[in-house]
Amino acid sequence: MNGNEETNFRELGLRCGLEVHYQLDTQKKLFCHCPVGLLNRRPDAEIVRHMRPTLSELGEYDGTALMEFKTKKTVRYQLYYDSVCTYEMDDTPPFVINREALKIAVEIALLLNCRIADEIHVSRKQYLDGSIPTGFQRTIAVGVNGWIRFSGRKIRIVQVCLEEDACREVSDRGHVIVFRTDRLSTPLVEVITAPDIRTPAEASGVDREIGRILRATGKVRRGIGTVRQDVNVSIEGGTRVEIKGVPRTGMIERLVRVEALRQKGLLSLRETITARGAEIKTPSCDCGDLFCESECAPLRESVRRGLSVGAVAIPGFSGILHRRISPGKTFADELAGRVRVIACLDDEPVLFFSDEKAPCGSRPGPKEWEAVRRRLGVGKKDPVVLVRGPGEDVETALSEIAARVEEAKEGVPNETRQVLVGGETDFERILPGPDRMYPDTDSSPIPIAEEDVAAIRKRLPVTPDRWRKRCRGMLKPQTVDQLIDMECIDRFWKILKNTKCDPKFLAYTLTATLPALRRAGCDILAVKEKALVKLFLFHAGGNIIREMIPRALVRIASGRGYDDLSADIDEETILKAVERNYLRVNGRIKDRRKLFRYLVGAVKEETGFRASGRRVVWAVQSHEGLWKLQTEERR
Amino acid sequence: MSGEALEGYRGPALEVLRRFSVRVWSDVEIQGCKGTFRGVVLPRSETADDEHIVLKMHNGYNIGISVRSVEHIRVKGYREAHYKIPESEFPTDPKKPNVTLLGTGGTIASRLDYRTGAVIPAFAPGELYGAVPELADICNLKTKKLFGIFSENMGPLEWITTAETIGREIRNGADGIVIGHGTDTMHHTAAVLSFMVQQSPVPIVLVGSQRSSDRPSSDAAFNLRCAAYTAAYGEIAEVLICMFGPTSDRYNLLHRGTVVRKMHSSYRSTFRTIGDIPIAMVTPDSVVPLKKDYRKRRKDRDVVIDTRFDDRVSLVYYYPNMKPDIIDSLVDNGYAGIVIAGTGLGHVNKPLYKPLKRAVDKGVSVIMTVQTLWGYTAMSVYDTGRDLLEIGVVPAENMLPEVCYMKLCWVLGHTKNPERVKAMMLEPIAGETSEREPPNGYVVLQGGIPEVEEFLGRHLL
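If you read the protein sequences in the order shown, they are chains G and B. Numbered by this note's numbering, the letters in the first sequence go through residues 1 to 635 in order. Numbered by this note's numbering, the letters in the second sequence go through residues 636 to 1096 in order.
Keep in mind that the hints were calculated from the coordinates and are not lab data. Each statement offered as a hint is correct.
FRET-style restraints, in silico, Cβ to Cβ:
id	chain 1	residue 1	chain 2	residue 2	range
1	B	1086	G	171	27 to 35 Å
2	B	799	G	446	44 to 52 Å
3	G	176	B	1013	46 to 54 Å
4	G	171	B	803	49 to 57 Å
5	G	171	B	646	51 to 59 Å
6	G	446	B	1013	47 to 55 Å
7	B	682	G	498	49 to 57 Å
8	G	33	B	1013	35 to 43 Å
9	G	245	B	924	43 to 51 Å
10	G	33	B	1058	49 to 57 Å
With a cut-off of at most 25 Å between alpha-carbon atoms, the simulated BS3-like pairs for lysine-lysine come out as follows:
id	chain 1	residue 1	chain 2	residue 2
11	G	154	B	669
12	B	730	B	777
13	B	669	G	103
14	G	28	G	219
15	G	458	B	669
16	G	125	G	28
17	B	989	B	1051
18	G	494	G	528
19	G	381	G	329
Where a beta carbon is used, it is the ideal one built from N, C-alpha and C, also for glycine.
Please model the entire structure based on the sequences and the hints provided.
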């Protein structure tokens, strides 16, 4: 990221907000007594369900819900007897909420300066994609209206929620989606920021900072799959688009950048369409009969298998379909993404475009396109899209393409996008609104006692911001962050308080030396805090020099002592070593600086590194040979 | 300001809302010592405390705010919710069978009730069509709301009304009857209807749901579709319960109304035929009979409705150490019949002999069933049984206790003569007792056993 790019995104009017999810480190799940943990053996049993949209509390159907009903998926859930009970199967109402999880959520909300709810209400957030067998996620707003400090300003925290995690997706092919239920119902906090982030780099920075604050509790889970971020992005003139399930902070910056550029691309596409001024029509037809003998193998094969082929023309889009709208992605990709998800058509290629260059045999020939155009009643230059699959799905696909083309006139459609492996995104669903929220009729409201909140407030851990303040003048903020990220800030502080050693050197030992030793195969877990305090006390007392610390650490790790490494070497010995080495040089080194460097090195080695650098330097500097050279130089 | 406008609020909360002229559904900004909240004021559950105001924030989440922290409330608007399924007229097709859906309440058609915070029954044909449009592909549906109550509140009046309505609908040409019913006492109603509605020419199908229809994973729609298909096209002209077979969305089972029981408090596949196999498997487009001995659908309209009923009957679940006063008090309170769910083959302890003898002597009919649910009474095997027979306790073969209760009420509605009562109780009317129990009538698989696990691994639960 360079300064220029940052300015560019500010000019685009980038607005970005995060929804940061962390699993809580509890023994049991949120609404039942199953143990938390993931399993990878063969599932013990399976159940099958289907989801139907229901009304919201305010009497509306949610847009996403209806779209997902259109996809008509059969949902299979894999069960393990030891990690899933009838609650997760949606065959038993929820049990009393996990108090431990609730406490952690309150603690996190307090750390984020939120106002804690006086009474919490369990809500149902509808998800008809099947990821939760009930068709909704039980979620609770625990705190609202908070903030964190970031780069000298406040980023607002809209809300902190406690909720249950969803299933893990195993596969999604055609009309069957398979989920594994072990992760289901694991307690999770969701931290929602306001759209106060202005650049892609800030997005990952804020995410990192929230992560640091949450980890300060010591009660969030670590490791793959325990952290997931949703990133909301919009630019001036664009729309809020949510990128779901980002597994790593490192990806956020790129995703935000790509999404901002995608929205910019879609807006310029809209300009082109508007400039052309033509009314957009999307005539469609069934045309399987035209491809019985097609030179395009996939289409011919589909017709032979009794599948339908549908065509839709998009006049007014010539030359636009394959224009790049974001790095590596075109409007045609947008269409294919939508069809893949909503119409459940995932045989590649999902769509065939008349204006696409493709090798012979994989696309219909000019005469075939001509026949389709005639049937559609469109001109020679108008692009045509073909889609094949079961009749009903093809119908859905054609109307989805028409809908997406219609949306192109508006600019950026309101949607949720999924993260693909390469850091790209693809359509996932229409962005849900507040209408998918519904009170959980299975649970009663829970009052949060002020005394309980006060008790948690009293024992809050130190936030990263406070650490930075504490270490101001001692360490650079980046070093503090490094200590926090490596979870050794507490250790750092304790050793520092107890030994009064050099903070920079201590931080270096903790963040660089110890990891390096671990990489070299040293069992650094055996190096306990007590031993470190003793070592640094020894060091601060001038008993062991800096350079010997790594060796001492290796000794500690293997349970041996390091007294013989101590700096109890007298002046006499050092001076003698200087003299001996000076004689050995015997005037061969003429340059004073070179001679100085050589002598310091040689003496250190000869004294087994037990003498501190300062003492060796002093002894070498005061040797008469050097004085002599210096006088010569002056002359 | 009316109490209605502040639904559910009492005490301090009500006072604060009144002070700032806030109504339920007001869009407000609440300022307090701890910050500002924006949202719509929701009705409060009557069972919840009187110290919090519930706000629906604009992101859809609900949150409770302590009235003690409120300093000021500014009303910014009003946004009343109209919880309504999009209604549209149910389409009719002269080629399709006519089915009447009777509504009694229960989870099958329910909506949120802010007053209690739970779900309440709701029911209208247009709503039903709006929520389950697939029904129109099956039949022409006419709906009649009889009551809107939870099934535990069903009683003789409701049973009689239902039976009489069924009679009228059949005579008026219905090709099948579906009854939406809460699941808790669905098997009680199924039993009593089996006695009150005899020789029906068409299927009478009770249906409900274990997951309310306000949840995406609800079983209501699937159950309704299966029930409608059974009523419209099924050949089994009996009182049936139509509910999930397995917990997966795969097929429903049809259970005969007199041998079925709710066996799990929350599972979808809670209804099980006891002591026999279910009558049929059903999907939204097929009924596959598993049994052959059922009453077949007829063209005539000659249904017999017999609703005579005496509710002075009690069902006593025996437990060791039961005291004689339990039986005595029933007799002293004028009960005409006692059904006992006895242990094992139909036993109670010795101290009950005397009060039971007294009951029989006073003309009270005492009928014995088994609390094991599966199996027959066999009172000649042990001395206890013989003693009880001697006293005049009538063993009811393999009739389920709840079914026996319903039958005894119905029989006592016809005669008080103990000998007649005994004869009628032992004469099966709607398959409530059977001469033989098939070997596959008692299949309660136990998890963990290798062969069962192998089965579960290969088939959907």
